Structures are given as structure tokens and as C-alpha cells.
Amino acid sequence: MKLQILGCSGSMSGPHSAASAYLVSAPGYDDVGNPRTFRFVMDFGPGAMGALLRTCDPADIDAMVLSHLHTDHCADLVGMQVYRRWHPSGSLKPIPVYSPGDGLRRTLQLSDDPQDETYEGEFDFHLLSPSDTIHVGPISISAFRALHPVDALSLRIQGPSDRHDGDALLAFSGDTDVCEGVAQASRDVDLFLCEAAFLEGRDTARGVHMTGVRAGKLAQSVGAHSLALTHLQPWTDPQDVQAEAQEYFSGDLHVVKAGDEFIL
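Using this note's numbering, the first residue of the sequence shown is number 1, and each one after it goes up by one.
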């Protein structure tokens, strides 16, 4: 299983990265037993469509999974819709879109299309709730309740490992403060992709985002093997967040950049 960082800038696109967007892929077999690669995106914020086009053909994406519907995590749904409806080779089949809210309503807000637009030709919207598990080929994606000002999810992803026998485990915090849901999602994972948008002392609001300290403490407490920090705003020095997390996490630690790849 592979994780590719399409975008990791927090709250907005940044000078060197799209906003939150990640590509997960794994080998498997289609319905008639032919080998193929299955792919899904987690979040699809501003700039994600361009980053995806540099990485693979968007027509090859099997599903879209959104941790929540804040604009910095879903704005480029509009780009995906245009790509699928108006592709010069012909319209593409609908892609499943899973989110913890009304994906159709949110896409209409972003696009300003007429309210009777359904996007049935491009998207197949599904509500994703805590305790739900969905499958994309050999990959399973389980949802847990996150702590954020809107309905939000943390995700636990299981799929075939390229590094060891059996399956690999990947967790994605989404946007969240420390809570039971994100702890359950990240327990004993090979890689914990965790947002760390806040800094201790600078950002005092609770129930919104992690700091490097909270991300490091959480990763250590749940036994994550590696920690990858993401969703840093453009005004934050990555070294500051890394230093906070390193004080509490003893495993392999990264601050991700657009274009990074992790083989699990």
C-alpha cells in the first residue's frame, strides 16, 4: 500500500503545496481476476486537482473519501466534476464520494450550479458515519468520530503491505483535537498521518486542531510506528512543529511535503 502527498498545506493552499489531499493505492484484482491498482483520495482541497493530474489520470481514481466538508478539504470537487463531465473522450462513470455530511449540497455551494443539479453522471454521494467501514478493492477504510467544529472523521486504512507479511495500517487524523475517535483510528498503525496546525503557546483554541506536542503525545500513547505531520499553515515553520512532536514521540517522524511518498 502506498500513500502519496498531493497537498498538505493547512487551511488554504500554500506557496509550495495544495491544501489537504492524499492519494492511497494498493494492488489487487478486478471482478474477473485481472491484476490492477486500486486508488482513492482522502480529502480534495484547493489545488488538489492539479496535483492529482501530475500524479495519475483522475479517471483511474476509484473513490473519494472526505474527512469533513470545510473548503480546504473539498473545494476541488468542482474540478473533478468538470473533468468527469466534459472529458473530450466522453463523460466518465460516476465516482463514489464518501463524507460525514451532505456532499451534494456542499458541491452545489462550491459550484453555484442550479439547485436541481444532481451530478448523478459524475458523483455517487454517500454519507460516511463513525463506525462505518467501506472498501476500495483490497483496502478497507474505517471511520471514527473526530473533534472539530463541524462533523468530521478520522480514518483507519488497512491494505496489503509492501514491507512486511500481511496488511499495513495507516491512520489519517483529519482535522481534530485529541479525542477517543482519533486514538482508536491510530492505535498500533504503521504510519499515522496527523494534522498539527497549531503550536503550543501560540494557538490556544481547543476542539479544533492538534499541536505538535499533542500529535507527538498521541502517537506515542497509541503505539504508532511512524508519525507524519501535515496540515501546517503557510505561516508556520515546520521545524517548530517537528521539534514539539520530537519531544514526545520516539518513533520515525516526518513533516510531510507535497510529492512525498510512503510505502507501507
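Each hint should be verified, as a subset may be incorrect.
EDC-like mimics (lysine to aspartate or glutamate), calculated; alpha carbons at most 20 Å apart, straight line [claimed, not checked]: (1) Lys93 with Asp177; (2) Lys257 with Asp240; (3) Lys217 with Asp260; (4) Lys217 with Asp177; (5) Lys93 with Asp30; (6) Lys93 with Asp151; (7) Lys93 with Glu117; (8) Lys2 with Asp260; (9) Lys217 with Asp240; (10) Lys93 with Asp31; (11) Lys217 with Glu200; (12) Lys93 with Asp60.
Note that these hints are calculated values from the structure, not bench results.
Please read these numbers as outputs of a predicted model, since none were measured by experiment.
Do the hints match the structure? See the list:
{"no.": "1", "hint": "Lys93 with Asp177", "result": "violated (37 Å)"}
{"no.": "2", "hint": "Lys257 with Asp240", "result": "holds (15 Å)"}
{"no.": "3", "hint": "Lys217 with Asp260", "result": "violated (24 Å)"}
{"no.": "4", "hint": "Lys217 with Asp177", "result": "holds (12 Å)"}
{"no.": "5", "hint": "Lys93 with Asp30", "result": "holds (17 Å)"}
{"no.": "6", "hint": "Lys93 with Asp151", "result": "violated (28 Å)"}
{"no.": "7", "hint": "Lys93 with Glu117", "result": "holds (17 Å)"}
{"no.": "8", "hint": "Lys2 with Asp260", "result": "holds (11 Å)"}
{"no.": "9", "hint": "Lys217 with Asp240", "result": "holds (16 Å)"}
{"no.": "10", "hint": "Lys93 with Asp31", "result": "holds (17 Å)"}
{"no.": "11", "hint": "Lys217 with Glu200", "result": "holds (13 Å)"}
{"no.": "12", "hint": "Lys93 with Asp60", "result": "holds (11 Å)"}
Of the numbered hints stated above, those contradicted by the structure are hints 1, 3, 6, listed in ascending order.
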